[in-house]
Amino acid sequence: MKRRDFIKNSSLASSLFFVPSFVKAFENISNSSIGYKKLVIIQLSGGNDGLNSIIPFTNDIYYKNRPKISIKKNELIRATDELGFHKNLAPLKNLYDQGYVSIINNVGYPNPNRSHFRSSDIWHTASKSSEFLDTGWLGRYIEKYGKIPHSGIELNDSLSLIMKGQNINGIATSNPRILYANTQTPYFKKVLKHQSDAHLSEHNLGYLYKTMIEARSSAKYIYQTSKTYKSNLEYPNNAFGKQLKTTSEFINSNLDSKVYYISMGGFDTHANQINRQKRLLSTFSKSIETFVLDLKQNNTFKDTLILTFSEFGRRVQQNAAGGTDHGAANNVFLIGENLKKKGFYNKGPNLLRLDKNGDLIYTIDFRDIYATILSKWLQANDSEILNGSFNQLDFI
Amino acid sequence: MTEQHIKHLYWRAGFGIGISEFNSIRNQSNSKIVSNLFTNSKKITPLALDLSEFVSLKNKSPKILKKEMGEANFQKLRQKSQKKVRDLNYAWINKLTDSKELIREKMTLFWANIFVCRDTQIFHIQQFNNTLRKNALGNFRTFVKEIAREASMSKYLNNNQNRKKSPNENFARELMELFTLGIGNYTEQDIKESGRAFTGWGFKNDGAFFLRKKQHDYGVKTFFGKKGNFNGDDIIDIILEQRQCAKFICTKIYKYFVNPIINEKNLEEITNIFYKNYDIKELMTYIFNSKWFYNEENIGVKIKSPIELLVGIRKVVPVTFIKKKQLNYLQKMMGQVLLYPENVSGWKGNKNWIDSNTLMFRMKLASLILNNAVINLEEKGAFEDSFNQYYKNTKKRNTYIVTSKNWTIFNKFYGDLSPDALKKLLLISPIDTDTEKFLNALEVKSNKNFCIQLMSIPEYQLC
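First to last, the sequence lines map onto chains A and B.
Quick note: the first sequence uses the numbering used here, first residue 770, plus one each step.
Quick note: the second sequence uses the numbering used here, first residue 5, plus one each step.
These are computed hints drawn from the structure, not numbers from a lab.
Don't take every hint at face value.
[Claimed, not checked] Quick look at which bits of chain A chain B covers, simulated, 3 or more residues with Cβ under 8 Å: (1) 922–928; (2) 974–988; (3) 1039–1052.
Yeah, the Cβ is synthetic: ideal placement off N, Cα and C, and Gly gets one too.
Please construct the entire structure, taking both the sequences and the accompanying hints into account.
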């Protein structure tokens, strides 16, 4: 066969496509056994300055440490007697007023690491700060409960550690059409076309074939299912808005994926923080507001929980460049319709007691939040997924 | 030695074998082929970029430079140095492809994933890389001691902040956990005490080691049950007295060079060899001369790292990347950017390279760099990026990897090969029977196209 024929033949109508029985088995896996709740995780990548997002506006220490970059009392939206939202988080404040937001303050872990890479890995794998794991907590959930890659989708073109399991991983796509097309390339398709399920047990070679089959099956499922719903809302015209729009199309087309991961970049504000963070928080909260509206219109908001986090917060004291350096504990936003504890989950940061770097000390371990979500929202065995037992909180 | 055995040896000791080299050694004895591999790697050719524009970074301290150049210009110079690390990455990949010192380069790559390090100061990181190369086949004891003195390592694991009055134990911890013994083979007390032994270990701007005597703790330390005025070298000697250290390194070697699944008997055998002198060359010679290395169960069962995949293709078809940045892109999409490890524990290898996304990409790699295939996937932004930088690639749809391919050379050496010979040369793993049938049914019009096809099936992912 000539190469051209090779390509031509492989783009033959897929109805002629011989589908081996084991591929069908993958495609018919029912997710009903693991419930219909969805989890959307958003990482504010780079380390969002939580202190300038939710401002302790009655605290003198805050103002003393940040003469140039603090948010003035009259420039924020008060929520309680002590805490207020950055004014560009107004859309988030609207959700808060409707009881859709729970803010957990001072979230972190013992012996915090201040490297983006390392701390992000710790959050992704739910490891101790002294331990290196090669699977992510969502990846382990996918492997145990979803059993197919599209149980977890990352809105990107390459997969992050958070979505990686031992033998089954989530799948990444920023555009399901392209993902699908990439499983239809001549070689990929041709090789699979000739596959029967005789050799899948062999270790590494079998693993490669199995991964190919799953990839194709998941890509096809995601593409064909998600194209049945197109959002009619106008999301902010930027890359993050687009990621959320695609996510809403996944959720609203009743894709049986359980967990979604999005990372929004830009939060490493070592310099000129004021203006940069203004834009970031506006982009973030406007997109979130549209996303929530989209889900509500389709009656899927009640089954969706959104969690935002950063790999770390930022130092209490400003630096010389009008920014802040890497810190430790930070606040986390939970957004959903039926939150148990609406508003602020716990007290704001204690600025009198900082660690030796001058960073906030955590009072809630991030793995307590994971454990709570796993057991109460996803009905999963949290201690098994997290390799240990953590506190159950009562936000859901 | 069978032909299959030669290819196996060359995939593990290097990045596969070209047809002309294969033809020139196919009739030699096993021991001759192995000893030639080491003879050819006797020479050490360091990476040496032209760094003349950064020479001030080498001669003066940051403090003085800031004063002389002003803060803004100094930051610019620093960022330039940071960018230059990319050039070192490209130079390294080219070296992996072109070097005659096969086993030395393969081992350098291996050690870079044991002594994991990352730095933005171009002089220091180049020096670090060359220290790996210099010691790659040498004595492990000397190797660890030199690594402990490297400026880049000192910064990466905070040993430059390790002072008598406020010890920083990071280096001491990772030295034992990741470089020599493995977790669980030492106590927290051992970490504390050995941390003290490395206090005051510093470096000069040019990357040379020096001891800041005032910061060094000369007191008595208790380490692995021994008491003494230990310094860092003494600590390393005591670590190497533990047989566990030899076993730890041999486990890594076995998984990387022999089989991701350990055979305990073989592991014992090589641990005994290594524990005697910690002689790396002796260890590798033993492995490549052992019978079990050529057992069928060890051939073609390892999932290639992205770099092995990429370099392996380039060994067969000479490829030059016109847009160097795209070489960075390819590494990123496959999850292994040399000199940019994600954390100190390094890349896990084997199955960890594979998920739906990386596998699709890897199977497309040959078409991308050899056949102008279209690519429409974006690399992820970096933590330090601004919002716009982070997403800057999102609009770039349908691009090509711009390369020049030397098909003339390919045709000269491979043009007349029978399809079966080409297949046997490129694929070392057992071939799936259905895929084999499919390959046999193809009518091969040119070896060029058949080569790309062979490089695009799952079997080519293995070595």
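### Task
Examine the region 1039–1052 of chain A: at least three residues should have C-beta closer than 8 Å to a C-beta of chain B.
With 4 residues close enough to chain B, the hint holds.
### Given coverage of the region 922–928 of chain A by chain B, checked by CB-CB distance under 8 Å (3 or more)
As far as the region 922–928 of chain A goes, the hint holds, because 4 residues have Cβ atoms under 8 Å from chain B.
### Check of the region 974–988 of chain A against chain B for coverage (Cβ-Cβ below 8 Å, three residues minimum)
Contact hint for the region 974–988 of chain A vs chain B: holds, 10 residues under 8 Å.
Of the numbered hints stated above, none is contradicted by the structure.
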